[in-house]
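Could you build all of it, start to finish, from the sequences and the hints given here?
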Amino acid sequence: MAHIVIDENRCKSCYLCIEACPKGLIKKSTHVNNMGEYAVEFCDKNNECIGCAMCALRCSDLAITEVHR
Amino acid sequence: MSKELIKGNYAIAQAALNAGCECYFGYPITPQTEIGEYLSLKMPESGLAYVSAESEVAAINMVLGACSTGVRAMTTSSSCAVALMQEALSYAASDELPIVLVNVMRAGPGLGSIYPAQGDYYQSVYGGGNGDYRMVVYAPSTVQECIDLTYKTFYTAHKYRTPVILLADGLLGQMMEPAEFTPYPYPKVDNSSWALDGAKNRDGRTICSYGPNEQKHIKHVVSLFDKYKLISEREVMYEEYQTEDADVLLVGFGSLARNIKAAVKVLRAKGIKAGLFRPITLFPFPDKRINELSKQCREVITVEMNMGQMYTDVRLAVNGVAKTSLLNLRPAGEWMSVEEITEAVENSREKAYAGI
Amino acid sequence: MLVFEVPKVFKKDFKYSFCKGCDHGVAIRLMAELIDELNLKENTILTTSIGCSVTMYDFLNLDCIEAPHGRAMAVATGVKRAKPSKFVITYQGDGDFASIGLAESMHASLRGECVTAICINNTTYGMTGGQLGPTTLMGQVTTTSPRGRNREYYGYPIRIAEQIALCDGTAYSARVALDTVANIKKAKAAVKKAFEVQQKGLGTGFVEILSTCPTNWNMSPKEAHERVRNEMMKVFPLGVYKDVTEE
Chain A
61 MAHIVIDENR
71 CKSCYLCIEA
81 CPKGLIKKST
91 HVNNMGEYAV
101 EFCDKNNECI
111 GCAMCALRCS
121 DLAITEVHR
Chain B
139 MSKELIKGNY
149 AIAQAALNAG
159 CECYFGYPIT
169 PQTEIGEYLS
179 LKMPESGLAY
189 VSAESEVAAI
199 NMVLGACSTG
209 VRAMTTSSSC
219 AVALMQEALS
229 YAASDELPIV
239 LVNVMRAGPG
249 LGSIYPAQGD
259 YYQSVYGGGN
269 GDYRMVVYAP
279 STVQECIDLT
289 YKTFYTAHKY
299 RTPVILLADG
309 LLGQMMEPAE
319 FTPYPYPKVD
329 NSSWALDGAK
339 NRDGRTICSY
349 GPNEQKHIKH
359 VVSLFDKYKL
369 ISEREVMYEE
379 YQTEDADVLL
389 VGFGSLARNI
399 KAAVKVLRAK
409 GIKAGLFRPI
419 TLFPFPDKRI
429 NELSKQCREV
439 ITVEMNMGQM
449 YTDVRLAVNG
459 VAKTSLLNLR
469 PAGEWMSVEE
479 ITEAVENSRE
489 KAYAGI
Chain C
1398 MLVFEVPKVF
1408 KKDFKYSFCK
1418 GCDHGVAIRL
1428 MAELIDELNL
1438 KENTILTTSI
1448 GCSVTMYDFL
1458 NLDCIEAPHG
1468 RAMAVATGVK
1478 RAKPSKFVIT
1488 YQGDGDFASI
1498 GLAESMHASL
1508 RGECVTAICI
1518 NNTTYGMTGG
1528 QLGPTTLMGQ
1538 VTTTSPRGRN
1548 REYYGYPIRI
1558 AEQIALCDGT
1568 AYSARVALDT
1578 VANIKKAKAA
1588 VKKAFEVQQK
1598 GLGTGFVEIL
1608 STCPTNWNMS
1618 PKEAHERVRN
1628 EMMKVFPLGV
1638 YKDVTEE
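Going down the list, the protein sequences come from chains A, B and C. Counting from 61, one number per residue, gives the positions in the first sequence under our numbering. Counting from 139, one number per residue, gives the positions in the second sequence under our numbering. Counting from 1398, one number per residue, gives the positions in the third sequence under our numbering.
FYI, nobody ran anything at the bench for these hints, they're computed from the structure. Since the structure is predicted, the reported quantities are computational estimates derived from the model, not experimental observations. Beta carbons: idealized from backbone N, C-alpha and C, even for Gly. Be aware that one or more of the hints could be misleading.
Unchecked claim - Each computed DSS-like pair below joins lysine-lysine, with the alpha-carbon atoms no more than 25 Å apart:
#1 C:K1597 to B:K338
#2 C:K1619 to A:K88
#3 B:K354 to C:K1408
Unchecked claim - Here are some chain C residues the structure puts well away from chain B; computed CB gaps all over 12 Å:
#4 E1402
#5 T1452
#6 T1474
#7 R1556
#8 E1559
Quick look at the structure:
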């Protein structure tokens, strides 16, 4: 099943991945990571992720560490 | 092996090849251009790297890059162009890279003149780069020493992983005299613990000049000076001539020391107990031996072809034990003749010398 | 099926020290991916430079030599001439490559040194806090062009990829951007070309990467990418300026 893995402690909250995801499956977290940033979360309740890796390619910090298709 | 008549610059170039120099990077400047000319002919035919660099800045940085892989590499230049290299020498000292630099001195400051001089003592010994570092400096006096000390320069650079300067001058570079190319006498230094060759079956190595944080950086600089202390204990070289009973000690380095030695002979014939002390390593400076000798001396006279640079180190070494003075009739151009030196020493009883 | 992972050449537990949304992170990742894909890790010697780019050796598990400011192409020349079989890369900012180091960059390309140079163009000196650099656009406000770059005071920006393409030793010269995922993919293809021309011994490989500096531009990462698209690309058009494999 397609999904991504986020290392939230690498996320600097640039939120470029939120725009990059064609399915709108990444959103801002409600809690802060160890850098004090509101990192991003992967929310895919309906298994919409297609594993395109657009988010990972966009991420400047390799906070999206894995993409499975 | 037999002696052959050879020019100083060619002697340095061939000695570098004998020492296993694999890469040469350089830019022409009088009076050392023959070194690059010679190597541009010899190196390509042996499959070695010769690069005509776009500037001295580029040349020394090419040496830095080559040395990072552990090979023996060098550049050669002269005074005002060596000034351009100071940044990379500071980096290389901190990087602990075995850079070999030959400086065939001309006169400064600025463009100066192409005549021989010794005005780069400070630039070599105290360094023109930023931060706390030292460089080992060898000062040859003959063409034979140009060969022997080129060998030593390569070995010391690699043994201690530190930039080393061979400090010759225009006279040595341009003169011809008989010299013998003895084989390179030193063992190969193992550099497998630090040289860059691609991170195969090991983690990557970084050669860089700065510590990632203040504490590490302080530790690094202190460790450099531990190394310089070791070099100071082990690597001091000097020549003494008629110093055993000398009461006038003439201290001089490089090619000028030849005339000083001749003057000592003349002075001795006239009944003046003169002696020559010639530092061969300018760093580490033979200060302990100079201090010892000065205890028996009425006067320690520094003879050099600049406005008084090694004089600073001699005064520190003598440390008030004997009278010190400077003999520097000309900061560039014609060497002080034997007669001039002899006369000046003879007159020293009546008057002080010019200079600082 | 795993379709994306952190390239293996990254150090374990590395963490970029770049600012939020900085494109350096993407550029380094593209190089790292190619080092993995082309199996170059054990043969690579990386030359870093001065500026934000210097930190690259903190992230990659490679043999690295730090060059003094502007001298990366000279240092890389030394490395390559000493070890011709090694794969030699420089990673430099526009200030390093095209201002203080322009002579070294041009002459290495004229000699056709078989090295690959990757240059990040973000139109400013990032590490020192956003001063006018060689690629600062006309009218751009920086801390040392507070009224904007003009001809009278500052002259014009340099088009690096075009200049390097003019050097006869250059085998490949291209300008790419990282403003969209599509352009990131194209950028990787260009970097790959610049790697390959070195591997084939054809000459110097060069890629200029239009990048963002959101912090010093006073922009959000998203706005910064819009600036790349709307302002930088007009002055610095994307494209391949030289490719000897296509001639």
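Here is how each hint holds up against the structure:
For a cut-off of 25 Å, the pair hint linking K1597 of chain C to K338 of chain B stands: about 22 Å separates their Cα positions. The straight-line distance between the Cα atoms of K1619 of chain C and K88 of chain A is roughly 15 Å, inside the 25 Å bound, and the hint therefore holds. Proposed proximity of K354 of chain B and K1408 of chain C is supported: the alpha carbons are some 20 Å apart, at most 25 Å. Once the 12 Å rule is applied to beta carbons, E1402 of chain C is consistent with being away from chain B; the minimum gap is 19 Å.
Not every C-beta of chain B lies more than 12 Å from that of T1452 of chain C, the closest at about 9 Å, which undercuts listing it as non-interface. With a closest Cβ-Cβ approach of about 5 Å to chain B, T1474 of chain C is found to fall inside the 12 Å limit, against its non-interface label. Every C-beta of chain B lies more than 12 Å from that of R1556 of chain C, the closest at about 21 Å, which supports listing it as non-interface. Chain B leaves E1559 of chain C outside its interface by the beta-carbon criterion, the shortest separation being 20 Å against a cut-off of 12 Å.
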